[in-house]
Each structure stands twice: as structure tokens, then as C-alpha cells.
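Peer 1: Chains as they are written, first to last, in the working numbering: chain F, 498 to 807; chain S, 1371 to 1514; chain U, 10 to 569.
Don't read these hints as lab results, they were simulated from the structure.
Accuracy of the hints is not assured; some may be wrong.
From chain S, some residues computed to sit far from chain U (all C-beta separations above 12 Å) [said to hold, decoys possible]:
{"#": "1", "residue": "V1377"}
{"#": "2", "residue": "G1381"}
{"#": "3", "residue": "V1392"}
{"#": "4", "residue": "G1400"}
{"#": "5", "residue": "Y1405"}
{"#": "6", "residue": "L1432"}
{"#": "7", "residue": "M1444"}
{"#": "8", "residue": "V1452"}
{"#": "9", "residue": "D1453"}
{"#": "10", "residue": "E1465"}
{"#": "11", "residue": "D1466"}
Not everything, but these chain U residues come out facing chain S in the computed CB check (under 10 Å) [stated by the list, open to error]:
{"#": "12", "residue": "Y88"}
{"#": "13", "residue": "P92"}
{"#": "14", "residue": "E144"}
{"#": "15", "residue": "R147"}
{"#": "16", "residue": "E256"}
{"#": "17", "residue": "L382"}
According to the in silico footprint, chain S covers these stretches of chain F (three or more CB under 8 Å from chain S) [claimed, not checked]:
{"#": "18", "stretch": "583-595"}
{"#": "19", "stretch": "650-657"}
Backbone N, C-alpha and C define an ideal beta-carbon position, used for all residues, glycine too.
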Amino acid sequence: MSGTPRTIPVRVHRDLARAITAIENGYASFDDTVATLPARENGKPSFVVGVTGPPGAGKSTLVDRLIEKFRVGGETVAVIAVDPSSPFTHGAVLGDRVRMQRHSGDTGVFIRSMASRESGGGLAPTTHDAIALAAHAGFDVIIVETVGVGQVELEVVAVADVVAVVTVPALGDSVQTIKAGLTEIADLFVVNMADRPGASRTAVDLKHMVRDSGRDIAVLQTIATEGTGIDDVMVALTAARASESTNAERAVRFEVVRNIRDAAVRRALGVLEAPRGRAVLERLRAGELTRLEAREELLVYALAEVINAD
Amino acid sequence: MPIKVLVAKPGLDGHDRGAKIVARALRDAGMEVVYTGLHQTPEMIVTAAVQEDVDVIGVSILSGAHMTVFPRIMKLLEERGVDDICVVGGGVIQEDDVPQLKVLGVREIFDADATTQNLIDGIERIVAEFGRARKRTDAATPRP
Amino acid sequence: MAIQLERDDVDQARDEWEQLTLLPFMERRPERRSTFRTLSGAELQRLYTPLDVADVDYLATVGFPGQPPYTRGPYATMYRAQPWTMRQIAGFGTADDTNARFRFLIAQGQTGISTDFDMPTLMGCDSDDPRSEGEVGREGVAIDSVDDMLDLYRDIDLEKISVSMTINPSAWILLAMYLVAAEERGFDWKKLSGTIQNDIVKEYTSQKEWVYPPKPAIRLVRDTIVFGTRNLPHYNPVNISGYHTREAGSTAIQEVAFTLASGIGYVEEVLKLGIDVDSFAPRLSFFFVSQIDFLEEVAKFRAARRVWARVMRDRFGAKKAESQRLRFHTQTAGASCTAREPLNNIARTALEALAAVLGGTQSLHTNGYDEALSIPSEPAMKIALRTQQIIAEESGVAGTIDPLAGSYAVERLTSDIEAGCFAYFDEVEKRGGLVRCIEENFFQQEIADAAYDLYQRKERHEWELVGVTKYRDDTGNPKVELHHVDEAAAERQLQRLRATKARRDENKVNLALAEIARVAQTDENIMPATLEAVRARATGGEIINILKPIFGTYVEKPIF
Chain F
498 MSGTPRTIPV
508 RVHRDLARAI
518 TAIENGYASF
528 DDTVATLPAR
538 ENGKPSFVVG
548 VTGPPGAGKS
558 TLVDRLIEKF
568 RVGGETVAVI
578 AVDPSSPFTH
588 GAVLGDRVRM
598 QRHSGDTGVF
608 IRSMASRESG
618 GGLAPTTHDA
628 IALAAHAGFD
638 VIIVETVGVG
648 QVELEVVAVA
658 DVVAVVTVPA
668 LGDSVQTIKA
678 GLTEIADLFV
688 VNMADRPGAS
698 RTAVDLKHMV
708 RDSGRDIAVL
718 QTIATEGTGI
728 DDVMVALTAA
738 RASESTNAER
748 AVRFEVVRNI
758 RDAAVRRALG
768 VLEAPRGRAV
778 LERLRAGELT
788 RLEAREELLV
798 YALAEVINAD
Chain S
1371 MPIKVLVAKP
1381 GLDGHDRGAK
1391 IVARALRDAG
1401 MEVVYTGLHQ
1411 TPEMIVTAAV
1421 QEDVDVIGVS
1431 ILSGAHMTVF
1441 PRIMKLLEER
1451 GVDDICVVGG
1461 GVIQEDDVPQ
1471 LKVLGVREIF
1481 DADATTQNLI
1491 DGIERIVAEF
1501 GRARKRTDAA
1511 TPRP
Chain U
10 MAIQLERDDV
20 DQARDEWEQL
30 TLLPFMERRP
40 ERRSTFRTLS
50 GAELQRLYTP
60 LDVADVDYLA
70 TVGFPGQPPY
80 TRGPYATMYR
90 AQPWTMRQIA
100 GFGTADDTNA
110 RFRFLIAQGQ
120 TGISTDFDMP
130 TLMGCDSDDP
140 RSEGEVGREG
150 VAIDSVDDML
160 DLYRDIDLEK
170 ISVSMTINPS
180 AWILLAMYLV
190 AAEERGFDWK
200 KLSGTIQNDI
210 VKEYTSQKEW
220 VYPPKPAIRL
230 VRDTIVFGTR
240 NLPHYNPVNI
250 SGYHTREAGS
260 TAIQEVAFTL
270 ASGIGYVEEV
280 LKLGIDVDSF
290 APRLSFFFVS
300 QIDFLEEVAK
310 FRAARRVWAR
320 VMRDRFGAKK
330 AESQRLRFHT
340 QTAGASCTAR
350 EPLNNIARTA
360 LEALAAVLGG
370 TQSLHTNGYD
380 EALSIPSEPA
390 MKIALRTQQI
400 IAEESGVAGT
410 IDPLAGSYAV
420 ERLTSDIEAG
430 CFAYFDEVEK
440 RGGLVRCIEE
450 NFFQQEIADA
460 AYDLYQRKER
470 HEWELVGVTK
480 YRDDTGNPKV
490 ELHHVDEAAA
500 ERQLQRLRAT
510 KARRDENKVN
520 LALAEIARVA
530 QTDENIMPAT
540 LEAVRARATG
550 GEIINILKPI
560 FGTYVEKPIF
């Protein structure tokens, strides 16, 4: 750790911001936008940290603290904060950077909010590219903050080296609020607002979940608003960073499943739009078929389509 | 493509009822709204605008300090080499000050009676007319 | 038995009226709307009759003025003894500038002083702080040290006129400055009367002036209350406020409920120190808005008094009647004033002022017609003051107490608002108390939702603004002469600040600041150390800054 933390020139902030917009809006290809950014100096790969959890868990406050710690360690930090778009209007209010505004004057920090757009509340479709661009621009650490439709964003494992799942002490039956599948993606659990009643109980429940999963996942407690417990989080992140890339396998498995699922969905939608599918729906509308019958008929067609896809 | 707007509250003034209603209304009109919170300096506002690469900065200012704040914002944008972000404003801004603000490059000052529909229409018009020319080059293959 | 029979008669007669008179008439002439609502969105009935107040027992619920439950007023004689205090707010430029305005208002018949500070002072920044640029002396008066405070109230007899100060995160500091200024001018603290707003809870939910997070900030409020209880027998150490909550868009019920919930929170904080509730509760004072929906506002004020009386008696076991007595200042609603056709605001303000008087306010600020355009000009303040004087001298309402009592509509609305308050108190308890609700943005979300709902009703023309959304004259907006901001005032203030710093003993200041920092980390009362620092000419910003590393600073989570 040297004296003055590294910074990134303001010009590069601007170019990176524009590159992300170009990708987000489909105006340019990834290769074109990457060309607008300066070549990386040291070629050291960026460390991508995923922070996910339900709304109100204090993720932004935690990220603000992590930025502070990484900066003290001399590293530059880019933050991509994803918030859900309205499924009705497709607009969004992006307010995560409010909690991080104190870093505004620090040119070693870059914060970008992205709306989830048509991905239905999960990662924005172009988050992957945005991270790659930030890495190209020279940021040592990239933090991706996101909320999933089901309260926790599972997809974040596809983009991050380490995933921190943030939760808060729940009253009563705590583990209910935590989805199954989380132990597949989490590298650490953070119980924030640990001064609330139920914090220890929640931590214990999480530890049981972890034990049952057979994976090595740290369970930590923090009070992000006061800065308590943040050092422990940094220790856990550093340890994960130093270890072999354990996330690669999980990321690939996740992506393969998701890609297949997405392709299957596209096929199925195609079936419904094709004449054959539409005829069935017509008969349903006319009352010639019950819902059950229409469904069974369509499923036969759709499955055949998906399986026979070239 | 959604218009991206930064709703900015400069200075020490804490009256955010209007700014929040505007943010909500713009969202309901399909825009992406970045809100950076209260007590922002012009530096913080411009930094956010650049990083977020917004189309529009909407400044909500009720304190009467607009003749200090707007010039500072316009100057910072110029210094950062950003000439394609449109700046608009609203709040408590005397009619007599509006011409001078426009000379500085502020595109529009919405008066106190403006409805949110006026704001939405105004922003769409300003972005269409003055916003960055959106040149579609080879669009990237949409990734799954 | 007799009352029941009577009610049945009315019920039956009402049915007949509906069938035989109302419905036929409505067929010829339908009503303009299917539902009429108050400003807050509560449904307003076509007609209120004795049936609507069958549950309102006069003796237990309405009662008599000057005794619990105080529905009819906190004093037995109300305005027959003396009218409410006419207290127009003033503040701009340097202390000298504002002092001149104070003396103008007093000469025009004002009976109390109300002080508005500039944004830097309100936010705990000195005039030479980089964040203060462009804002020094603009929206209020710049006060950096006790030297300014001495000039602010120069030639004003502080033992004879009550002084209110609208200040929150740095309230305890400005109170210290006020007390030291009074002391240096030879006034006896025990004879000072006045109010300091000092209600930090509503800052987090509504007015948004803050420095520290809620817990240490509430400790500062507690210390001021305790200090006031021991040293300032005629001073109100808090003015627990609903004005700002309502201006942020809340309903009338929320205005009262959230305000009184804050009051409950402060009382609990002080009680934790083992102090007897009756020793400090009588000096807690309140501040509400008077909005444009006349009946709802009158009912609201009456409900607030009754709710507080019941809370103090039932929840806190207060024994003294004065502990149950809610006294309040009112300001007419800034949010109801339009920038378009500003002179119309005189009519709006007059109605709102009348509602406040019929609601039994102790003190009143009426807005100027220029409220939506600028801080008040002299001519606007003069008319606003005359408005109050006309109500007091000419309208006759000051000659009888609580004249709208017994109105079926007003008593029904009063009871409904009361019920709404207690429902919110239960909700706050369920969610873990006042501080938890602030941290979890419960109040903020309720306010944001109510604000959005009202905005939508306006967009749908269910609520009209005359001259703006209805009866709009687009030929041009009449110009009014506005308060002229003296741009040179900021430089004058910076010079004053430099002079103060040049004259003072830096060593003494540093020692005093260190002492404040030490006290802040214990549970001792912060006031004595603050008074010492203020005497040494420490500035407000210096005191605020020394505590930032100890208390932390607050960042909100914005709610839409």
C-alpha cells in the first residue's frame, strides 16, 4: 500500500461513461467502445465484487464503506449500481449513489447507475459489458450492486469474482426470507444493521444453511452506517480474491443454464406467435377448448420445437 | 431509448417535495432518473452528470441562489469537455433572471405553474433539438 | 332512553328528507361531483347531523377551555384576555438589517418576534464555509457568533417581548448565543420568554436540515429541554412542528400524528434521565400550519389539543393540568400560495388565519402575498399583519371562545382526526418506536405517498388552484415589488466574522471547543460547555464541526 491513492483522469471518466451509454443503448459494439478507452497500464485483472440482497438491507451504505476501504488501500474503484426499471413505464428512479456521494470529489472513484431495463429487474443486459469497460478504463476494483426480482439477484454470480449477499436481521423466522439457491452463489453473507434484535439469530441460521451446503461461506455482521464490521468484510473479500478463482465454475454453470433457458423461452414464444399456436389460442378464446386443453396442446408443440432446435 | 435525467438539489436548501414528484413523474413517463440527494455542490452535480452520462440535468432550486449555482454548473461542464448535456431548471427563480440564465446556456427554466406534463414535453423537445446526435453505428449483437 | 328516542326521530326524519326532498332535487340538479374531499383527501359528507356526533360526549370530549382535555382552548378566557401573539417571521442579510425589520414590525403592532436564519446558519455552516457561498444572508439572517446575536436584538427589551428562533440542527448553539447576548445586556434569564424550534425529528422526515444522525441529535434536544427546565422558566425549549411535514405534502392527520409522535419521543428521552414529567412538560410547545381547507384545519387544531391531553394523562401519567395543555404557534400555508396572481394570496392567507384563530392558536404568522416568490417584503408583511389585526379587532370572533364547537361537521371532523392520530401512534409502536421509524423511512414514505396523491388529484382537477388551474388569465402575470436581496450583505457578514475572530482569544476558544467535545462523549448536559464556548466567541460552525467526528454525519435514503 503506497501513499497517494491512484486516480483516473476525468477525461477517462467521461469516455467510460459515454462508452457505457453506447453499449446500453446499442449504438456501438463493445469493440468500438473499448477502442475509445486508454490501454491499461498494468494489465492486472480487475477484482469484481457483487453485492446483492433485498431492498432496504443497506447495500449502498455498505458499498460506500467498501469504497472508502479500497481507497485507503490505494486502489481505484468503479461502482455499477443496478436498479429495477418499472415493468409498466420502463422508467426508473436510480437513487443508489446518494449514499456514496461523499466520494464525489475523488477521481479514483467512478459511480454509474444502470436501470435493469427489459431484463425484468435483474442485471441490466449490458452490465457484463459495462464491467468489462470499467476494467479497461483501469479501475482496480469494480463493485456491482444489484437487487433481484426475487429480492436477491442470482445472476450476479455470472459477472462477479466474489459475491456478498447482504441481509438484515429478520424478526421471527429469519431464514424464510432467504431464498434457497443462495448458498450456490454467495461467497459471504453479511448481516447488516447488526445492532437490531435478531442479528445473532439470523447469523446462526445462515451458518446452519452454510454448513448444510458444504461450501465455505463466511457469515459476518456489520453496522454499515457506523462502519462497524467493515474490516472483517474486507478481510473476507481479500481472502477470496487471493484464493483461486472458485467462482469461475459457478459462473459458467449458471450462464450455461441461463442461456439454455433464455433460448428455450424464445422458442416457446415463437411457437405461440406462429400460426399453429395462434390457432389453438383462437379456439380457446372461442370457448372450444378449456385452458387445460389449450395448455396441453401448446406444450406438445413447444417442447417439440425446443428439442428439435438446430 | 430512455432519456436519462439527473434531478439535482444544489446548495443547502432541503425542500425536495417538488424534485421528488418530478422524479416520480419522469419515471412514469419512461425516463431514467438519477437522484443524487440533497445538499449537492455544483461539483458533485457535474461529476454525477458526467459519470451517469445523462441527457439532461434538471436543477431544482428554491433558495434564490440560482445566479451563483447555474453559472458554476455551466462552467464545470465546459471544463470537463462536456457540451451535449442540456441543463434545465425550476423552483423559485425570478422571471427577470431567466434571460441571463439562457445566455449562459440554460435551455429552459420551468415556472412554478408548470405541470409535470409540461416538464416531460419540454425535456423531450429539448433533448430532440439540442441533445447529442445519436448516431447509430454498427449496433452490437444483443447479448443473451 | 330519551336521547335514543330523539336519535331515532332524527334518523327517520333524515331518511324522509333524503327520499322526499333531496333525491327529487338531485334529479333536477345533480351534484357537481360524486365525492367531495378535504385537502387531505378525507371524504366530506353532504350534511352532518346530530347522528354524526352521537359518540361525542360534550363533557368528556369537548369540555371547557382552560382545563383537560383542552379541546376548546388552553386558557379559560382565550382571546377575551388578550389576542394571540402576532408574530411575523423576519430574517435577511446581516443582524443589523434584520434588527431594522424587527423594529418596523413592532412599530406596526406586532407583539412577538420570530427569527429566520440563512441556510448556512440553519445547516451549521459559518459564513466563510465554502458550502455557504451564494447563500449568506439570502434566505434569512446570517449569525456566526454571539456578536451577531447582540446586534440582532439591539434596542429590543428581551424581558418584555418574546423571541422565537427557527433553528434546528444548531438550535442549542443559537440558544446559547441568545442567552449570552441577553446576559451581556443585563437581562435576567428567568425573565426571558420565547421559543426555539429545536425539533430535529421533523428534519429527517420533512424539512431536511440536519448534520448528525438521529440518536445524537435527539440527545442535543433533550439537553436543551433539561437545561430550559432548570434555568428558563418562561422559555419554550422546543417547538415541536407539523408545519414542515404538511408542507412536504402530508395529510392533516399525519401532520398532527407525526408531530405528537415526536413529542412523545422527546418526552420519553427526558424521562430516561429520571426527571419528573410535570417538571418539563408544561413548557413543551408546538407549531402547526394553517392550510386552506377551512373546516379540516379548525378541526385539526382542536383534535391536536385533545390528543395531546389524553396522551400526557394516560401514557405519561402527568398530574399537572399544564402538562396536558398543548399550546401552539401557527403559520399560514406557504404551499397554498401561488406565484401566479400573487395578490390572491392575501385572500388565502386571510382564510387560513381565520381558521387558526377559530382553532385557538396562541401565536400566528401570516404569509405575505409574495410567499411563493421570495422572502417577505415590507409591504407584504404589513398587509399580512393588518390581516391579523382585522380578524382581532373587526371580525368579532375574538370575543367568544371556540365558537365552532358543537358544529356537527367540525366535531365529527375533530373526532376523526383524533382517531387517525391514535391509529398512527399504534403503528409507530408496532414498528419499534420513533427512531426506528425515522431510520426505516416510515414517516417519509407516508409523506411521499400523500404528496403524490395530492399531486395526482390536482392533475385530475379534483383540487383546483384559482388563477392557476381554473380561472386562468393568460394575458400576463401581475408583477409585485419583491424583497430586494442585498448582494453586498454577504461581504459585510464576512467582515463581521473576520472582526470577531480577530478580537477573540484563540486559546480560550480552543479549550472551550475541546471541552464541548469531551462533554459530548459523556452523558453530561451539553449546554454549560456550549455557553462557555459561545462567550469566548466560538462560532456556530466551529462548534458543529468539532462534534462531527464524534457524532457522525447523516446521509438520507431518499424516498419517492
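Peer 1: Each of the hints needs a verdict: does it hold here or not?
Peer 2: Evaluated hints:
Chain U draws S:V1377 into its interface by the beta-carbon criterion, the shortest separation being 10 Å against a cut-off of 12 Å. At the 12 Å boundary, the C-beta of S:G1381 falls inside the reach of chain U, the nearest C-beta of that chain being 6 Å off. With 12 Å as the threshold on Cβ separation, the claim that S:V1392 sits away from chain U is violated: the shortest Cβ distance comes to roughly 10 Å. A cut-off of 12 Å between C-beta atoms confirms that S:G1400 is not in contact with chain U; the least separation is 16 Å.
Non-interface status of S:Y1405 relative to chain U is broken: a Cβ of that chain comes within 12 Å, the nearest being about 6 Å off. For S:L1432, the shortest C-beta to C-beta distance to chain U comes to about 9 Å, within the 12 Å cut-off, and the non-interface label is violated. Every CB of chain U is more than 12 Å from the CB of S:M1444 (nearest about 15 Å), matching its label as outside the interface. Here S:V1452 stays apart from chain U, with its beta-carbon at least about 22 Å from theirs, past the 12 Å limit.
No Cβ of chain U approaches the Cβ of S:D1453 within 12 Å, the least distance being about 25 Å, so the stated non-interface status holds. A Cβ of chain U approaches the Cβ of S:E1465 within 12 Å, the least distance being about 8 Å, so the stated non-interface status is violated. A Cβ of chain U approaches the Cβ of S:D1466 within 12 Å, the least distance being about 9 Å, so the stated non-interface status is violated. With a least beta-carbon distance of about 33 Å to chain S, the hint placing U:Y88 at the interface is violated under the 10 Å criterion.
The closest approach between the C-beta of U:P92 and any C-beta of chain S is roughly 32 Å, which is over the 10 Å cut-off, so the hint fails. Proximity of U:E144 to chain S holds as hinted, the smallest CB-CB distance being about 5 Å (cut-off 10 Å). Contact between U:R147 and chain S, as hinted, is supported at the beta carbon level, the nearest pair being about 5 Å apart and thus within 10 Å. For the restraint placing U:E256 at the interface with chain S, the shortest Cβ-Cβ distance is roughly 7 Å, inside the 10 Å limit, so the hint holds.
Checking U:L382 against chain S: minimum C-beta separation of about 7 Å stays under 10 Å; hint holds. A count of 10 residues in the stretch 583-595 of chain F with a Cβ less than 8 Å from any Cβ of chain S is obtained; the coverage claim is therefore met, three being the minimum. Check on the stretch 650-657 of chain F: 0 of its residues sit with their Cβ under 8 Å from a Cβ of chain S, so the three-residue criterion for coverage is violated.
Consistency note: the structure conflicts with the earlier hints numbered 1, 2, 3, 5, 6, 10, 11, 12, 13, 19.
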